[in-house]
Amino acid sequence: MAVQLMCAAAMPGRVLMTDRDPGLRGEAQSTFDLTSAYNEHGSALFGYAMNTLRDRSLAEDCVQEVFLRAWRSRQQYSADRASLRTWLFAIERNVIIDVQRSLQRMPRLASPDNLDDVEAEAADPLEKLSVIEGLAKLSPEHRAVLVDVHLGGLSYAEVEAKSGVPVATLRSRSFYALRAMRDHLKEMTTRNA
Amino acid sequence: MPDARDDRRASLIAGAIFGGLSDAERAELDALRADDPTIDQEIQSLSDVSSRIGTAVPQWDSSGPSAALRDRILAIGDDVSTVTDDDYAADRDTAPFGTALPRASTPPLSTSSPMSSTSPPLPAPVSLPRRWPWLMALAAVACVGIGAGGVLLSLPTPPSPPTGPPGTLGAIEQIDFAGEPSGVDIDGTLVAHTWGTETLLRVTGLTPNDAYGVVLVTADGEQLDSGSFLGSTVPIDCAMNAAVMREDVTSVEILDAAGTVVASAALPTAG
Numbered sequence: 001m002a003v004q005l006m007c008a009a010a011m012p013g014r015v016l017m018t019d020r021d022p023g024l025r026g027e028a029q030s031t032f033d034l035t036s037a038y039n040e041h042g043s044a045l046f047g048y049a050m051n052t053l054r055d056r057s058l059a060e061d062c063v064q065e066v067f068l069r070a071w072r073s074r075q076q077y078s079a080d081r082a083s084l085r086t087w088l089f090a091i092e093r094n095v096i097i098d099v100q101r102s103l104q105r106m107p108r109l110a111s112p113d114n115l116d117d118v119e120a121e122a123a124d125p126l127e128k129l130s131v132i133e134g135l136a137k138l139s140p141e142h143r144a145v146l147v148d149v150h151l152g153g154l155s156y157a158e159v160e161a162k163s164g165v166p167v168a169t170l171r172s173r174s175f176y177a178l179r180a181m182r183d184h185l186k187e188m189t190t191r192n193a
Numbered sequence: 194m195p196d197a198r199d200d201r202r203a204s205l206i207a208g209a210i211f212g213g214l215s216d217a218e219r220a221e222l223d224a225l226r227a228d229d230p231t232i233d234q235e236i237q238s239l240s241d242v243s244s245r246i247g248t249a250v251p252q253w254d255s256s257g258p259s260a261a262l263r264d265r266i267l268a269i270g271d272d273v274s275t276v277t278d279d280d281y282a283a284d285r286d287t288a289p290f291g292t293a294l295p296r297a298s299t300p301p302l303s304t305s306s307p308m309s310s311t312s313p314p315l316p317a318p319v320s321l322p323r324r325w326p327w328l329m330a331l332a333a334v335a336c337v338g339i340g341a342g343g344v345l346l347s348l349p350t351p352p353s354p355p356t357g358p359p360g361t362l363g364a365i366e367q368i369d370f371a372g373e374p375s376g377v378d379i380d381g382t383l384v385a386h387t388w389g390t391e392t393l394l395r396v397t398g399l400t401p402n403d404a405y406g407v408v409l410v411t412a413d414g415e416q417l418d419s420g421s422f423l424g425s426t427v428p429i430d431c432a433m434n435a436a437v438m439r440e441d442v443t444s445v446e447i448l449d450a451a452g453t454v455v456a457s458a459a460l461p462t463a464g
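One line per chain: the protein sequences are V and F, in this order.
Once you know that position 94 of the first sequence is 94 in the numbering used here, the rest is easy, because the numbers rise by one and skip nothing.
Here the numbering used here runs 193 ahead of the position in the second sequence, where the first position is 1.
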């Protein structure tokens with residue numbers, strides 16, 4: 001079953017942020033299939049952790065922790081309250097915050113000569129976390145066009161030449177991807193308020 | 194399903210935001226804007242979103258997880274149900290110093306398994322490969338940093354955790370333990386999650402190698418296992434989870450293997 005996550009009202013029938021729940025079978029709320037859940041959501045969860053932490057080993061540990069927590073809490077999960085994807089991302093958000101909280105406690109070594117080169121703290125770290133989570137939740141196709149065109153600076157024509165996807169389709173994906181991101185960021189702003 | 198007109202509108206708006214519209218398309222968009230003022234609002238709104246994305250995430254790593262991660266995760270079910278004393282010993286041996294098997298000490302969830310004075314011995318922690326080795330690395334970084342006499346700086350871009358009254362999701366709630374024996378120091382915090390309550394402890398002074406359990410107690414006296422740990426000669430940092438919402442918890446107790454309360458923390462009412 002494919003369920004639209006973020007923009008059902010705006011775009012009925014179109015799956016933008018994939019939200020299939022093969023990890024939950026039938027009506028049994030506590031049936032949690034690790035294999036299906038990982039196959040469907042593992043890459044997206046890894047993308048969220050990888051792009052937040054910028055450390056591959058750390059990111060994989062986070063994803064493992066997410067599934068471990070989910071496995072242990074599987075009997076508490078209710079598909080009536082949230083999709084499996086939403087639940088897993090919520091767990092991961094907390095895992096990542098925990099990890100970054102631990103990192104924050106740790107000092108970092110830098111030469112006094114390089115103080116001017118030290119990266120400044122982001123104005124709002126939660127904004128970064130929210131944006132990365134939103135991008136990770138996008139379908140690979142919709143995320144790819146934002147990454148290529150916006151972050152990568154490619155033109156639609158260049159992406160068409162690279163991927164074979166027509167410009168019109170790429171533009172349409174950009175539009176719906178941005179809409180989904182807008183809805184996600186609005187939700188996260190409310191949550192973080 | 195969006196119709197062809199919706200798709201055309203979407204395509205023109207995306208073209209206006211990211212560039213690349215032809216003269217004919219620009220004229221077509223202008224004509225649409227004259228009839229539909231929401232187009233300008235949409236362009237402005239989505240341009241703002243685009244700007245936020247670019248500011249927050251300058252680049253995106255599209256690489257996927259390793260096959261080894263898949264194997265580790267698919268083994269979770271097996272490992273949780275087949276943990277052995279040998280596994281426990283191995284995990285204990287490889288745990289970072291001062292870290293009491295972090296997040297590995299929670300038994301499989303069971304909301305109906307209260308720990309009491311007649312409970313069997315505390316459950317052994319779960320052993321899984323490659324869990325939280327970063328803690329060891331971070332500890333090493335800390336030691337190196339101090340030893341080398343360099344300038345210590347905070348890591349960039351750490352997110353601020355949520356704050357709020359007890360029960361606020363993700364917020365750290367300081368709790369105060371009482372009744373601990375002389376020489377024992379327990380520093381505890383709680384974090385309310387959507388799936389339950391996390392207890393973070395730093396403990397020093399408990400009898401090395403003796404087993405201790407952490408339970409969350411509800412208003413009706415039910416004790417919910419949150420995990421277990423061993424006393425150590427070094428400070429213990431551990432995180433445990435229990436399948437009970439923070440608002441249902443009235444106290445946190447640390448019990449010894451016989452079920453005797455070693456220390457307890459009464460909690461304020463959570464919203």
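Incorrect hints may appear among the rest.
As a list, the in silico DMTMM-like pairs of lysine to aspartate or glutamate whose alpha-carbon atoms are at most 20 Å apart [to be verified]:
(1) V/162 to F/254
(2) V/128 to V/40
(3) V/186 to V/98
(4) V/128 to F/241
(5) V/128 to F/415
Bear in mind the hints are in silico, worked out from the structure with no lab data behind them.
Requested in this report: State the violated hints by number, sorted upward, taking the hints as numbered earlier in the document.
Outcome: 2, 3, 5
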